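Student: The residues making up each chain are set out below.
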Amino acid sequence: MAIFAALALAPLVGFGAGHSLSLLARAMILGLGALGLNLLVGGAGLISLGHAASFGIGAYALVMLDAAGQTDAGVVFPVAVLAAALFALLTGAVAIRTAGVNFIMITLAFGQMAFFTAASLSAYGGDDGYTLYGRTRLFGTRLLENRWFFHYLLLALLVLAWVVGRRLLASRFGRVLRAARENPLRVQAIGFSPTPYRLLAYTLAGALGGLAGALLANATEFVAPSFIAWQRSGDLLFMVILGGLGELHGAILGALAFVLLEEYLAELTPHWRLIFGPLLVLVALYLKGGLLGLVQRRG
Amino acid sequence: MAEPLLDLRHISKAFGALQVTQDVSLQVHRGEIHAVIGPNGAGKTTLVHQVSGTLTPDTGSIHFAGQDVTRLPLARRARLGLARSFQITAVLPGFSVLENVALAVQARRGSSFRFWRPAAAEPPLTACALDALAQLGLAGRAEALAGDLSHGERRQLELAIALAMQPRLLLLDEPLAGAGPEETERLVGILAGLKPRYGILLVEHDMQAVFALADRISVLVYGQVIATGTPAEIRANADVRAAYLGEDH
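So the protein lines, in turn, are chains X and L.
So in my numbering, spot 259 of the first sequence is number 773, and the numbers just go up one at a time.
So in my numbering, spot 17 of the second sequence is number 31, and the numbers just go up one at a time.
Just chain X, with the same shape it has in the complex (with noise of 0.2 Å):
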């Protein structure tokens, strides 16, 4: 819709410059991130602050593959979502069996091993990350070094999630998933175990991470376990909480406002953490339903 909108016309009216078009990119990567998070925050009520970790492992696949001279895009990204959704189908059969702050601390736990992890992996950079010299190649072809191109694939994955997303959570898959979020008590009463349904949700949150991980690293053609790091998660969920947990597409927005704002505010000054994290703790004290709720009372 009017997000989409506005992303598709970017580069036709003077955001096509290299460096606000990859900026825009980083945006959609993160916002995809940010919208396989919403499905388990906004949908199952599971608060994840491991959700890096996705983006690692299918950054770290990409690298892997690089390494051993394997770059073709139809062998990249299904390794590198297959990977995340493995990995998070192992740990989420661990956390999802802990509710509440329980499932916040396990899950950033399995975030952190899967950062030292990283960090630790001395055959591709360790601490100091590996750089790519080149991106994936799609056919054969070196088409996703074009600017516009990566700009309008990104674009439409974004909406291709977003639709499935919503598809999901109004299906009967979703309705359980959602229902538990309310009353898992209830849920149990009528006759379904939660927990199946949830660590699907969250695998395939997992498995889009994975993907967008993947993405991250064709963008910036460099990996470093900072992709990983516990803040980034954080960053991730203050992009769901921001743009508003009741639509899958607020994630989307958050990421947007979040890149944008970040960005902004450090050409301002160089102190732009002491405007952004006052910011951020308004938004979460003042802004009930984020900005979309924001948009939808003025709307």
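Hints listed in this document are in silico derivations from the structure and should not be mistaken for laboratory results.
Check each hint, because a few of them may be wrong.
[As the list claims (entries may be wrong)] Non-contacting residues of chain X with respect to chain L, defined by C-beta distances greater than 10 Å in every case (computed):
hint	residue
1	Leu523
2	Leu596
3	Leu622
4	Ala670
5	Phe752
6	Ala798
[What the hints assert, rightly or not] Distance ranges between label pairs, derived from CB positions:
hint	chain 1	residue 1	chain 2	residue 2	range
7	X	Thr783	L	Phe29	30 to 36 Å
8	L	Glu157	X	Glu781	47 to 53 Å
9	L	Gln180	X	Val809	40 to 46 Å
10	L	Phe127	X	Val809	30 to 36 Å
11	X	Thr783	L	Pro107	29 to 35 Å
What you are looking at is a predicted structure, and each value in this text was computed from that prediction instead of being measured.
Virtual Cβ for every residue (Gly too), placed ideally from N, Cα, C.
Given the coordinates of chain X, work out where chain L should sit on it, guided by the hints.
Tutor: For chain L alone, coordinates are given in the frame of chain X:
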């Protein structure tokens, strides 16, 4: 008589030194309302939890429809046909009334690992849900948010959800709690109408309603069943009068 639908055999449960359920045995047959009454703190709610599966008894066994369900969790017992209503209403406040019931229908009809088709666009789910709502006189409120219902309406919604599960046994934990006199009358009428098709284990404070509805009554005091019998027998029982009715009436 045929095999009972629900059969509690000598179940006991203690929380530390506190014996909350002591050697309780009782049966519920199809087409009968078996009421459990008792003063506050008698262990009624703990008993409900053990029947529904949120708590497991320390000793003894629970059989439902001929199957030992003592160690089955809540969700599994629900799928076998044991529907419980909650003392404190536990509807899904952010869901519409219809969707609250449709979710229960969905549990009985096919897999819920379906990801693409909007659940709200499945006519069979909606039709069954509306049917259950109509039985409770709530059809007119189908589109309202459950969180916006009055207390009495929520009680009715609880029952509609239970019915939509197409259960064999209804486990009703104080279904009349907090209802006004008119609502109580309505709900008593509804429960009487349901009796022939289900077995009902009714835990209730409202004595008038219990004596009007129940075929059999068990009196629970300090976790023990001190008497079981027809309403007339219970009314005449000296122990019961001493332990319970005497205090209250």
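Student: Sort out which numbered hints this structure fails and list those numbers smallest first.
Tutor: 7 and 11
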